[in-house]
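**Student:** Spelled out from the first residue to the last, the chains are:
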Amino acid sequence: MTATTVTPIGGLTPDLDLRGLRRFTTAVSDTFAVMARNIIAYRRVPQLLVFSTIQPVVFVLLFRYVFGGAISVPGVPYVDYLMPGIFVQTVTFGALNTSIGLATDLNQGLIERFRSLPMARSAVLAGRTLADLVRNVFVVALMFAVGFAVGWRVHTGIIPLIGAVLLVLLFGYALSWIFATVGLVVGDPETAQAAAFPVMAPLVFASNAFVPVASMPDWLQPWAEHQPVSVVITAVRDLTIGGPTTFDVIAAVLWCVAILAVAAPIAVHRYRMAT
Amino acid sequence: MPDSAIKVEGLQKRFGDVVALDGIDFEVPPATVFGLLGPNGAGKTTAVRVLTTILRPDAGTATVLGLDVAEEADRVRARIGLAGQFAAVDGNLTGRENLRLIGRLTHLPRRLIEDRATQLLEQFDLIDAADRPARTYSGGMRRRLDLCAALVHRPPVLFLDEPTTGLDLYSRNQLWAVIEDLQAEGATILLTTQYLEEADRLADDLVVIDHGQVIASGSPVQLKSRLGGTVVEVGFADPGEARRAQGYLVNYAVRPPDVDGSEVRFEICDGARVIVDALRTLDGEGLAPATLAVREPSLDDVFLALTGRRVEPEEAPEDATRGAA
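These protein sequences, in sequence, are chains A and B.
Take 1 as the starting number for the first sequence in the working numbering and just add one per residue.
Take 1001 as the starting number for the second sequence in the working numbering and just add one per residue.
Don't take every hint at face value.
[Stated by the list, open to error] Cβ-Cβ distance ranges computed for the label pairs, FRET-style: (1) A:Val150 / B:Thr1136: 35 to 41 Å; (2) B:Asp1003 / A:Val50: 57 to 63 Å; (3) A:Val50 / B:Asp1125: 32 to 38 Å; (4) A:Phe32 / B:Asp1168: 46 to 52 Å; (5) A:His269 / B:Arg1110: 31 to 37 Å; (6) A:Val66 / B:Asp1125: 55 to 61 Å; (7) A:His155 / B:Leu1112: 40 to 46 Å; (8) B:Ile1215 / A:Trp223: 46 to 52 Å; (9) B:Asp1017 / A:Asp188: 55 to 61 Å; (10) A:Gly151 / B:Asp1115: 53 to 59 Å; (11) B:Ile1215 / A:Val50: 38 to 44 Å; (12) A:Ala214 / B:Arg1110: 57 to 63 Å; (13) A:Glu190 / B:Asp1017: 49 to 55 Å.
Quick caveat, the hints were computed from the structure, so don't treat them as lab data.
All values reported here derive from a predicted model rather than from experimental measurement.
For glycine and all other residues, C-beta sits at the position ideal for the given N, C-alpha and C.
Please model the complete structure; the sequences and the hints are all you need to start from.
**Tutor:** Here it is in structure tokens:
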């Protein structure tokens, strides 16, 4: 530690110009800086990505080859019924990464440092959730490959397929904002993980992801039919298997928008309060 | 530039029923080191969080370089650096990437970010580890990286929250040297510490806070003089000489000197100058001291006197040697 600095004290950081467009471009640039930082972490700790994809792959194998034979879905090969459920399940569990990431940042004092910097307030949450969106792109691509390998086929066309991918990613992004709040509230990664399961389980398992809702007890059916995971899965099935799609897709998009509209302001509010 | 780099008036902050800051006031002149001294839970970190715009105060005002921390937070943020108790660096990023991130978030030009990162990594002996993930760093290295992160944009005002807590002696001395260099370059530094020795060594002025209130303020010398003066012990060849010396030393001491065998013990309040004068007088009278010890009262003594409680220092104070002329 020798004192050889030459830059004069002060004056390096310009005052933020917060008028109109400049405010927006600053927020975008800060968001990208935070997003890039989170993506580096995923690249540097590939275990994170590998372990979070092992579970859905196991589910695919289990339901395709072990349980699948016992489940009959009228009019469609079970694998084609299963894979949309797997995609949505994957991004649902993946949203946990947003919780863990933010809880870790909070725990390590990084959030506190960010709050003392002249950066856009929105960038930490936006950068985090966008990095998790990028992560989902990779995970969903991988699950598509796994699906094709076990015999999954798209019966519609390229446009509906792209629509299905976008819907899955949009749903994952919306859920990220719910789990951003969870991460900020609990404040440490282990608790974030534990706290997420009770939220996840009824969404993922009491859904039409693996079996038709009609096979469930009467009291469970209304929930299993209309809760967001099921609604999104139904829309993805429509887009990949065929049939009337418009109503289901609109319902799924509305769920995503509603989740975002409620969860994002709550997360932002928690972020402002968190220390 | 405003007269004070940091000005705090009647600052209050509570968390539920807990009063963290109960109306504190202090002022830090530019290019000085200011110490916030107090035990754990005294409110030091809360004060730093308010001053660094992380928390909004409940009442009172705080300004940094004349800018209100609550009303002009963004302009304050562009001018401050914060290094906390916990090394707030991203373990998955390399040292260089950590600094690059801070550079981008403080909106420096790209080329300047690279220059600053390299410069700081060299300055803090991290250049060899610059491209390794920070999670592989030792505790001391992470702390240094954290400090680098606080310095990327050359903030004129720096907040260091217990910067040396948990550091080994070598790293601590390094950090002290860095703080002195930064001050010499014109930075204003506010540091919190539980270590009285640290405040004594670094701070031009300090406040002692306890239960969210300022219980004493002034320079380390002023605070120590409130408790009494520097203690000087002079040993002579025999008790006779000691008694003769006692007569001369009366003129320099704040209280009549004590004689214990062949040793004279007296207290002074103006430091080294008085000791030199006293010794010169003794020498002129043919009294040659055999031994000489000068002992400063420690800030620990001050805290004890102010609160009736003792602050646990990390290691024994070495005041016995300090100030020996």
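**Student:** May I ask you to test the hint 40 to 46 Å on the CB atoms belonging to histidine 155 (chain A) and leucine 1112 (chain B)?
**Tutor:** The hinted range 40 to 46 Å is violated for histidine 155 (chain A) and leucine 1112 (chain B), with Cβ atoms some 56 Å apart.
**Student:** Take the C-beta atom of valine 50 (chain A) and the C-beta atom of aspartate 1125 (chain B), compute their distance, and say whether it sits inside 32 to 38 Å.
**Tutor:** Hint holds: Cβ distance 35 Å, inside 32 to 38 Å.
**Student:** Do aspartate 1003 (chain B) and valine 50 (chain A) keep their Cβ atoms within the hinted range of 57 to 63 Å?
**Tutor:** With a Cβ separation near 59 Å, aspartate 1003 (chain B) and valine 50 (chain A) satisfy 57 to 63 Å, so the hint holds.
**Student:** Just to be sure I understand the hint, the distance between the Cβ atoms of glycine 151 (chain A) and aspartate 1115 (chain B) should be within 53 to 59 Å; is that true here?
**Tutor:** Hint holds: Cβ distance 56 Å, inside 53 to 59 Å.
**Student:** State, for the Cβ atoms of aspartate 1017 (chain B) and aspartate 188 (chain A), whether the hinted interval 55 to 61 Å holds or is violated.
**Tutor:** Taking Cβ atoms as reference, aspartate 1017 (chain B) and aspartate 188 (chain A) lie about 24 Å apart, which means the hint is violated.
**Student:** Looking only at beta-carbon atoms, does the pair valine 66 (chain A), aspartate 1125 (chain B) fall within the given range of 55 to 61 Å?
**Tutor:** holds (57 Å)
**Student:** Within 49 to 55 Å: is that where the Cβ-Cβ distance between glutamate 190 (chain A) and aspartate 1017 (chain B) falls?
**Tutor:** Distance hint for glutamate 190 (chain A), aspartate 1017 (chain B) is violated at roughly 29 Å.
**Student:** Is the hinted range of 38 to 44 Å satisfied by the C-beta distance from isoleucine 1215 (chain B) to valine 50 (chain A)?
**Tutor:** Given a distance of about 56 Å, which is not inside 38 to 44 Å, the answer is violated.
**Student:** Is 46 to 52 Å respected by the C-beta to C-beta distance linking isoleucine 1215 (chain B) and tryptophan 223 (chain A)?
**Tutor:** violated (60 Å)
**Student:** Looking only at beta-carbon atoms, does the pair histidine 269 (chain A), arginine 1110 (chain B) fall within the given range of 31 to 37 Å?
**Tutor:** holds (34 Å)
**Student:** State, for the Cβ atoms of phenylalanine 32 (chain A) and aspartate 1168 (chain B), whether the hinted interval 46 to 52 Å holds or is violated.
**Tutor:** Roughly 39 Å apart at Cβ, these two residues miss the hinted range, so it is violated.
**Student:** Taking 57 to 63 Å as the stated bounds, is the beta-carbon spacing between alanine 214 (chain A) and arginine 1110 (chain B) within them?
**Tutor:** holds (59 Å)
Violated hints, listed in ascending order, are 4, 7, 8, 9, 11, 13; each of the other numbered hints is respected by the structure.
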